[in-house]
Structure formats: C-alpha cells, structure tokens
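Novice: Build the full structure now, drawing on both the sequences and the hints.
Protein chains in written order, with my numbering: chain A, 1 to 868; chain B, 869 to 1023.
Please note that a few of the clues may not be correct.
What the hints assert, rightly or not - Think about it this way: if two alpha-carbon atoms lie no more than 30 Å apart in a straight line, the pair counts; the simulated DSSO-like pairs of lysine-lysine are:
id: 1; chain 1: A; residue 1: K816; chain 2: B; residue 2: K889
id: 2; chain 1: A; residue 1: K173; chain 2: B; residue 2: K939
id: 3; chain 1: A; residue 1: K590; chain 2: A; residue 2: K850
id: 4; chain 1: B; residue 1: K889; chain 2: A; residue 2: K182
id: 5; chain 1: B; residue 1: K1012; chain 2: A; residue 2: K158
id: 6; chain 1: A; residue 1: K158; chain 2: B; residue 2: K883
id: 7; chain 1: A; residue 1: K182; chain 2: B; residue 2: K885
id: 8; chain 1: A; residue 1: K127; chain 2: B; residue 2: K939
id: 9; chain 1: A; residue 1: K127; chain 2: A; residue 2: K84
id: 10; chain 1: B; residue 1: K937; chain 2: A; residue 2: K127
id: 11; chain 1: B; residue 1: K939; chain 2: A; residue 2: K182
id: 12; chain 1: B; residue 1: K937; chain 2: A; residue 2: K158
id: 13; chain 1: B; residue 1: K885; chain 2: A; residue 2: K158
id: 14; chain 1: B; residue 1: K937; chain 2: A; residue 2: K173
id: 15; chain 1: A; residue 1: K207; chain 2: A; residue 2: K275
id: 16; chain 1: A; residue 1: K417; chain 2: B; residue 2: K885
id: 17; chain 1: B; residue 1: K885; chain 2: A; residue 2: K425
id: 18; chain 1: A; residue 1: K724; chain 2: A; residue 2: K663
id: 19; chain 1: A; residue 1: K84; chain 2: A; residue 2: K305
id: 20; chain 1: A; residue 1: K417; chain 2: B; residue 2: K889
id: 21; chain 1: A; residue 1: K425; chain 2: B; residue 2: K883
id: 22; chain 1: A; residue 1: K425; chain 2: B; residue 2: K889
id: 23; chain 1: A; residue 1: K173; chain 2: B; residue 2: K889
id: 24; chain 1: A; residue 1: K835; chain 2: A; residue 2: K862
id: 25; chain 1: B; residue 1: K1023; chain 2: A; residue 2: K417
I should point out that these hints are in silico values taken from the structure, not numbers from a laboratory.
Okay, here's what each chain looks like letter by letter:
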Amino acid sequence: MITVTINGKKITLEKQVTVLEAARSAGIKIPTLCHHETLEAFGGCRLCLVEIEKIPKLQTSCTIYITDGMVVHSETERVVNARKAMLEFLLINHPLDCPYCDKAGECDLQDLAAKYGPTTGRFAEGKRTHPESYDDPVIVRNMERCISCTRCVRMCDKVQGASAISMVNRTSKTFVEPFSGKRYDCEYCGNCLSVCPVGAIMSRMYKHKYRPWYIDKNINTICSYCGVGCSVTAQVKGDSLVRVVPEMGKGLNKGLLCVRGRFGYDYVNSSARLKTPLIRRNGELQQVTWSEAFKYAADRLRDIKERYGSEAIAGIAGGRCANEDIYIFQKFIRGVLGSNNIDSIANFSYAPAQRFFERIFGQGVTANSIQGISNSDGIFVVGGDPTSINPILGLQIRAAYQQGIPVITVGDTPGLKRFATCMLKPNPFTETALLVSLLSELKVKKQFLGGNSSFERLINNISALSMKEVEDICGLPTDNIASAVNMLSNMTNPSIVIGKDILQRTDGHINLLLLSAIMYLINGRVYLLSEFPNEQGLVDMGCLPDMLPGGRPIEIESFKKRYEEIVGLNISSTHGLSLSGIIENAYTGKIKAIQIIGENVLSNIPDSNYVGKAFSNLELLIVQDSLMTETAGLAHVVLPSLSWLERKGSYTNLERRMQFMGKAVEGDGLEDWRIISEISKMLSFDMGYKGLEDILSEIARVSPLHKDITYNDISGDECIWPYKGEPLRHGVSLEGMDVPDIGSLLKKPAKDRVYAVFDKELFHPDSLSRKSAAISSISPEPCSRVNRALADRLSVSEGDYLNISTDAGSIEMAVKIDEDIPENVVMIPNNFEGKGIFNIMQWKLNPVLKCPVLDGNEVKLKKAEARS
Amino acid sequence: MNKTDGLIRDIRAIKEKYQSKRAALLPALYLAQREFGWLSPEALEFVAEALDVPKASIKGTATFYAMFKNKPVGRHLIQLCTNVACMIMGAERLVDLLRDKYGIEPNGTSADGRFSLVIMECIGACDTAPAMLINEDFYDNLNKENIIDILENYK
Ligand code: SF4
Ligand code: SF4
Ligand code: SF4
Ligand code: FES
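Specialist: Here you go:
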C-alpha cells in the first residue's frame, strides 16, 4: 500500500502509479496535453507540472511515480504560473484560427487556454507559417497548429506499429510529416488523428462541415467491415450523418480503428444505393412499388415451388446482415419454402474450420477474447495476414511482439514483417509438410496434457517428417524450422491465429488436423480470422445447409422437433446444398430460384464467369441489398434493404461476442427481415413480428445457445460465449478424421510455373469498400505483386501492366514489385469490378471440408500492351 | 551499385556493434552522408533498408541534427563562426569576402558547386577567433589573406 497526499487529500493505492493517475483516481484534475491513456508517457508539454514537497523543482506528474508519504500540490501559485507560462509558450506559434479550425469545441489546447491560460501573450514577433497540406485524399495536416506533443508519432510507432510519420526538424520548425513530406504512405488507420489534441491532423471527410455543438445524437454501433466488430459512434445532425468516430477507450477496440472503420463508412451515402424495388421486364430492371415487388417475388416463388418442388429453391445469406435478418431468412427458406438449401460465404472457410476444431475440442473452442492475444505467451499465425484481414486483432499481435512475446508466422504476412520473431515462408502450397515437421518435433519435446485419449492416439499415429526432408520440400533452412519448434515448445498458453489460406488447399483438412494436434500439444487457443462482421452469426443463426440455430445438427430429431414447434413450420431433416452445390446446381439447371440477401456472390466467390452463367440459367433470382452490385444486376427482382446505420440489429464477432448496432439515420428501403416477412405473408405465412424484440425472443427460444437472451444483454459490454445458453454437447467425435498419408504430401510445386495467390488486402477486403469514395481515393486501382526476378523475366517494372490469364479468362492489372514474394507466385487482389483474381480463378472442392481449393492455380503472365 | 555495396557492409558492421538497431543510426547516417554527399531521400531509404528501421523515423533523426545535410551542398562545406568573439575579430568581413570572391551567400552554394557556406554559432575557438571548419578540418586565426590560401586547397 502506498499513501500519498494530493492537495491535502490522502490517497491510498495498491500499485505504484504516476502522480497523475493517482490524482485522477481521486477525482483531482491535472491538465495534460502530451499525455494519453493509450500511449506511453512522454513528459513533453509540461502542462501537468506539480509541486512535490522535498523536491525543489516542479515535476511532470505524468512521468513521476508515487512513493509512500509523498505530498503533492497541483494548484499552488507556483504551479498555476508555470502552467500559464507553458500555455503562453505554446501560443507563441499556435495560430489563433479557432473560428476556422474544425477542432474548435473539442480542442484540448483551446479548453486549457480558456481555463488556465494568460489572456495576452508577450511575444510580439510573427508566428511561424506552414501551408496546410492537402496532399492526402482523406487526411489534412495543418502544421502551424502542431504543438509537438508527439502523440500522433507515438500512436503510429508504438500502437499502430506503422512508423509512418515522425517529428522532423527541431526548435520552432518542428512538425510532423510522413517520409515523403507529402501524401501518406501508410495503413491509413487514422489513429494519429484520433489522438491529436489540436487541429493539426484532421479528417478531410468532414472538414468544415462539422462543429461538436452541432451534434444532436450520438449513436453507438459496430463497424460493418470485418469480424472484429469494433465499436464506433455515429454522430448525427438533424437527420443526416455528420461523421463516424471511435470513442477512446471504448469497445473491444478501445477506440482504435483501421482504415475501413475510420474512413469507409461513406458507402452508406454512395450513389450506388438502391432506392426503389426493381423488377426485370423485357430484359431490363424497372422501378416498381413495394407491393408489386412483394407480389411478384411471392408469385414467382410459389410457381417455382409448385412446378419443380422445394429442392429447386435456394437461399444465400450475406455476412453483413444482422442476426435478426438471417434468422428470419433461414426460417423462410426452410419453413416457408421448404428447402434446406441455405448457405453463405461463411461456409467457404470460417465455418468449416470452426466445425473441424469443434469436433475435436467441443463447441465454443474458437470463442476467445481478442484482447487476450497480448496476454498469451506466444503467437502462431498461419494462413493469412491478420493485420490486413482483421486489422485490430493484428494490432494485438504487434503489441504482443513489442512486449517481447515470440511471434511465429507461416506464409505471407507482410503486416507482421517487423513484428515476427520467426517468419516461415515455405514454398507455395507446401505448408502441410512444414506443419508435419513442426508436429513431429513437438511430439518429441512435449508431453500430452491428457484429456482426449482418442485424439492422442491419432496424433501418435501421424508419421514424422524430418526437418531435412522438409527443408527440401518447403525450401526452408533447418535452423529456421528448429528455432520455430523451440519457441513453440516453450509456450504454455499461446494464441493460434488461423486464416483461410491454410484450409482452402487440396490438403486443407490435413492442415487443420495438424494444427489441431499442434494446438493440443502446446495448449493453444485458437482465433479464426473472419472477413465479415457477422460471419459467426451466419453459423449461429442456422444459415447453413445442415445446422439449425445454435449450431444444432438438423438431422437430430429432438432439435428439429423443437424448431418446428416454436417456429410453427415443418422442415426437412435432409441436409441441403452448400453454397458451392447451390451454384453448381444452378449451372446444371436443377436449382431454379435463388434468393440472396446482402451478398455480392458474383464478385466475392471465385470463378465469376461460372457463377454468372449459373445465375443466368435461373428462372428467378431475388436479390436484397442496399447497393447495386454485379449480382443485383443479374436479378429478376431487386429489393432495396436498409443499410448499416439505418437499422438496428445485432452482430456476432469472431470472439462470438454479440454486439448491438444502433440506428443513426433514416434510409431508403426496408430491413431484410421485414422484406422477407412481407413475401412470406403473401405466401400465406404471416410471421407476425412487430419488431426486433419479437424476433430476438423467438431466437432465444429456438436456439438453446441463445436461451433467454435480450437486447439488454447484447447492448452491454460483455455479451460473450456462451451467453446464458447451452453449448452443444453432441458432435465431439473424430469420425472420418483419418491419419493422413504423409508420403503423399511430399510434393514440390513446379519451379517453372507461376501460380496465382489471392491477395487479401487491407483497403479493399471485398466488394463493399469500393463503394466508399474515401477508401477508393486511398486505393483507387488494383495492383498485383510479383518479385523482382519474375518481373525481370517478364520485362515489367513497377507501374507497368500485367496481363494475367487462365483457362477461365484474363485480366490486366498494374504491377508492384515486392521482394518478399516467391518467384513462382503472383499475388492478385479481388477488389474491383471485373478486375480481380476471382474473375480468372477456377476451383474444386475440398472433399472433407467442402470449401474451395484455391491452390495450384497456374497462370500465364505477360506484359500488357501500353495503356492509354 | 558497387559503391553502395560497400556502404551496406559498413552499416551492417556498425549495426552488429549495438544492441539496438536505432543506436547504430547516427554513425550509419554519417556514412551515408559521406557516400551520397547529402542525406537525400534516397540516402535515407538506403539507411532504413540497411538498418531495418522505418524510414520516417530515420528522417526524424536526420532532420534533427544540424550536422546532417538535408539538402544538396557543395563539394566542400565551410562552417564559419560569426558569434561575438569571431564577429569582433572580423568574421563578418570574411563573409563579405566569400560573397565577393566566390559568390557564396550564407546558407548558399557557389554556382560551380565548389563551396557551401553555413554560419555557425561558436565552435569553441574564441581565443583564436575568427575560426571555421571546412568539411572536418579546423582553421583559426583567420584573416582576409590566409582564408584565401586555405580555400585554394579545396578544389
Ligand atoms: S494513419 Fe495510421 S499508419 Fe498512417 S500515419 Fe496515422 S497512425 Fe500512422
Ligand atoms: S500533429 Fe497533433 S498529435 Fe502530432 S505532435 Fe502535432 S499536435 Fe501532437
Ligand atoms: S478491424 Fe474490422 S471491425 Fe475494426 S475498424 Fe477495422 S474493419 Fe472495422
Ligand atoms: S502531460 Fe505531462 S508533460 Fe505533457
């Protein structure tokens, strides 16, 4: 116990904290500028000076720690004068352009000057000048206003880990700049502007459109881009959206955001927004009224059901729809239309991986807290770059590394380049051999902890591969593997972060088995990277061909019965078609009608030509979406749904945390669940919901996992697994998991061929971000990446265009040189219409996981003709 | 290419001597400055690569210290003191001389790229003022005559 006296008040604390923290804990206010809760102390602005008895000079309370018996005064005349002097110094150069500055009203310097500052300054010379920089599309820098507190630089260096800006020059000429001195060349997280106490780094998105006192409403919601589920606040003036901002310290992201959450929200006002229902007549989509559209959709569905039977109908749900929408959707497809052909993109990687791990370790094994990553004693990353797929989760890994926690990565993880203790980059598509060898070595070094003897037997039967053999196959030096093994074997509670690249492989199921074995041996907890904000919701709400809400297998009679009783509809117990099956059967003509909610299938799954043909074979394609997409462009009926920010609902993130999305503004369209219930009504089943509460209470009855759940729970901070519900006890079994034949894995990719690999990039993870003007201005055009040797062979240099072709088609794309890519690989993103890897990528299905196999996609490359 | 090969080797050798990469930054910047003539963006990127330190951080350091050249300079850098002692002893007349004879303005470079002139604040030679540095060489007790002789040694 440490007792200090501050301003006569005795404060007793357990931990040795700074004087500032001690004071704040007792409600004593000490002004600060350079201090920030998320950053390490700096002690630069000297605004927090206090007088401490027995220390002659004034001390910065943000850097000095309390000791027992310390007596502190924060409001003596001496302190007050010093504070005033500090502010006077700062205002020598700080322009007094508050009426014109966007920060006014929420500026720390303005507040402090008003409260403590001198009314006049004695410095009569001119102020320094520095032109405002508009070099950047989304960030504006006004360095006349910079007070050199270094908060932005510390944020970028230590928290974001991008180290993209620094303080340049010195004395009164100091200011903040990216290396180029002009445009940023960084991750555009905008966390630097969040912490700037003055108006020196600002967002251009709302420049001169905003004053804090304009704001009528602050609505809490969840970012709609990825499976992390960061908290953001939408600020509204009258009935229009002013901006979306994070709140420091709030949510699982603690106020940090990535570029998508920070700047990508403007898609809500995109010109591609759908405003009225459309029906295809004479080959063209024409505007109709809602009632016409409902009637048309219902009639056509009824007709197809009567003529071809329920099996000819399928539903595809999107990962940005709310739980309430997708619950209603599966109920409609299953119960009203009578088809279990319902699936989503979650079944292309996230769901099969989760199902695989759950079969060994039980339901809920992936429900781990993202914040927990930096508390583990080691991190193993396989199959994707967390810093681009789930950026805020990626920051946890960077933070862990900076605390000295070992980080091992397998594959292409450019965002962890400076944050990995050991980077293993096996030859393309040879990860399986590497995992076998890691496992073989770990089996020697580690004891089983016990608990799952059948799995232990299975692990023991997996034959070994020596590091020497692996060196040959994977092209990795033995030392490199050995050091990874050493690190792994020293870990006792590591985090294992898994991306989809590792399972979308011919041997994807074997990779998962090997990872499970490694996880078992080193007591790891698993995190599945998730690309959509409600990918987990798709699983939990039963948007799967074989699962009912709560992850209950449809073939188990008791679950089916409970569902039928509560929902009041009979369903079939046979498994429906999965997403790939739905597309295939549409192609062959067995599926006649597909209803899609919130998913741009045509762009977001591989081989767009095939998908396009499949869709054009349909007699009926109904698309509910808030934006006009390639998929909606093929539809017979387009029904505008309300967008994020325009409706309430809930999301379930990759930790399986349920979070509430608030409604900030009105929009054109209806909630997906409302659209579906209207169609249902026309098909003589009135769902009868008055609002979301009715839906959630039904979910709470249908899904044992969500038993008794209410919006009160979901709006709270900790609506985490297993809520108040019952996890599934069935289904833990190793049936069908065979000991892999290691001999068959000893293949090397041909050196003389070039393979296409899907580049999952930060700015445009899927087809949504291209509808954001802000993100498109940051990253306006797709870029492929190859290494120097391959570029030389093709005689292309940076900025040239590559022609990339396969049997499925060809695309042209600008090229960037990246030394970290193997010579026989070209990395291709999938983010612009008609210009993505999925336009030219064919695939087959992994027989066990039923997810696409994307390895071994050979491409032909040549320099594209000069562009105009 | 070849000149920078040697530089990479030297920088890496310095890096080995320190526990942290950033500790090697100042000596590495000196080497790069010697090789590139000044710390151009290219030179900074080179050091960033060789030390594996983010280039923005390197720019911060390089622009902080006065001994680093952040813009192109002549082949020889004259750093002349005009602080009190040197001023009294006639340093300002030397500045005029340099302007008249070689066409160099303070903080400027002669048209032929031979000399750049920087005005310094005290180089610790008040007892033998006026004083100057040319590159890393020190000269004191300067006057209008001997300064010309000295400069003629730098072509
Ligand atoms: S936007 Fe993010 S990455 Fe870019 S400079 Fe700011 S903090 Fe650094
Ligand atoms: S730009 Fe803002 S945060 Fe950065 S040093 Fe200047 S005042 Fe501080
Ligand atoms: S990490 Fe994901 S949820 Fe968070 S801001 Fe970025 S895209 Fe949004
Ligand atoms: S807040 Fe303590 S010195 Fe700036």
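Novice: Given the hint that K425/A pairs with K889/B, test it: the Cα-Cα distance must not exceed 30 Å.
Specialist: holds (24 Å)
Novice: For K816/A and K889/B, compute the direct alpha-carbon distance and say whether it is at most 30 Å.
Specialist: Status holds; Cα separation ~28 Å.
Novice: Can the restraint linking K425/A and K883/B be considered satisfied, given a maximum Cα separation of 30 Å?
Specialist: holds (25 Å)
Novice: Need the status of pair K173/A, K939/B: alpha-carbon distance at most 30 Å?
Specialist: At roughly 16 Å apart (the allowed maximum being 30 Å), K939/B and K173/A satisfy the hint.
Novice: Verify the proposed pairing of K173/A with K889/B, using a straight-line Cα cut of 30 Å.
Specialist: Holds, because 27 Å separates the two Cα atoms, which is no more than 30 Å.
Novice: Holds or violated: K1012/B and K158/A, Cα atoms, limit 30 Å.
Specialist: Violated. K1012/B to K158/A sits at ~54 Å, over the 30 Å cutoff.
Novice: With the threshold set at 30 Å, check whether the alpha-carbon distance from K937/B to K158/A stays at or below it.
Specialist: It holds: about 28 Å lies between the C-alpha atoms, which stays within 30 Å.
Novice: Does K127/A pair with K84/A here, judged by a C-alpha cut-off of 30 Å?
Specialist: Since the Cα atoms of K127/A and K84/A sit roughly 19 Å apart, the hinted pair holds (cutoff 30 Å).
Novice: Starting from K417/A, check that the Cα of K889/B is at most 30 Å away, please.
Specialist: holds (16 Å)
Novice: Could you grab the alpha-carbon distance between K937/B and K127/A and see if it respects the 30 Å cut-off?
Specialist: Holds, because 26 Å separates the two Cα atoms, which is no more than 30 Å.
Novice: Are the Cα positions of K1023/B and K417/A separated by 30 Å at most?
Specialist: violated (46 Å)
Novice: Keeping to a limit of 30 Å between CA atoms, is the pair of K127/A and K939/B held or broken?
Specialist: Distance ~25 Å between K127/A and K939/B Cα, so the pair holds.
In the structure shown, a violation is registered for the earlier hints numbered 5, 7, 19 and 25, in ascending order.
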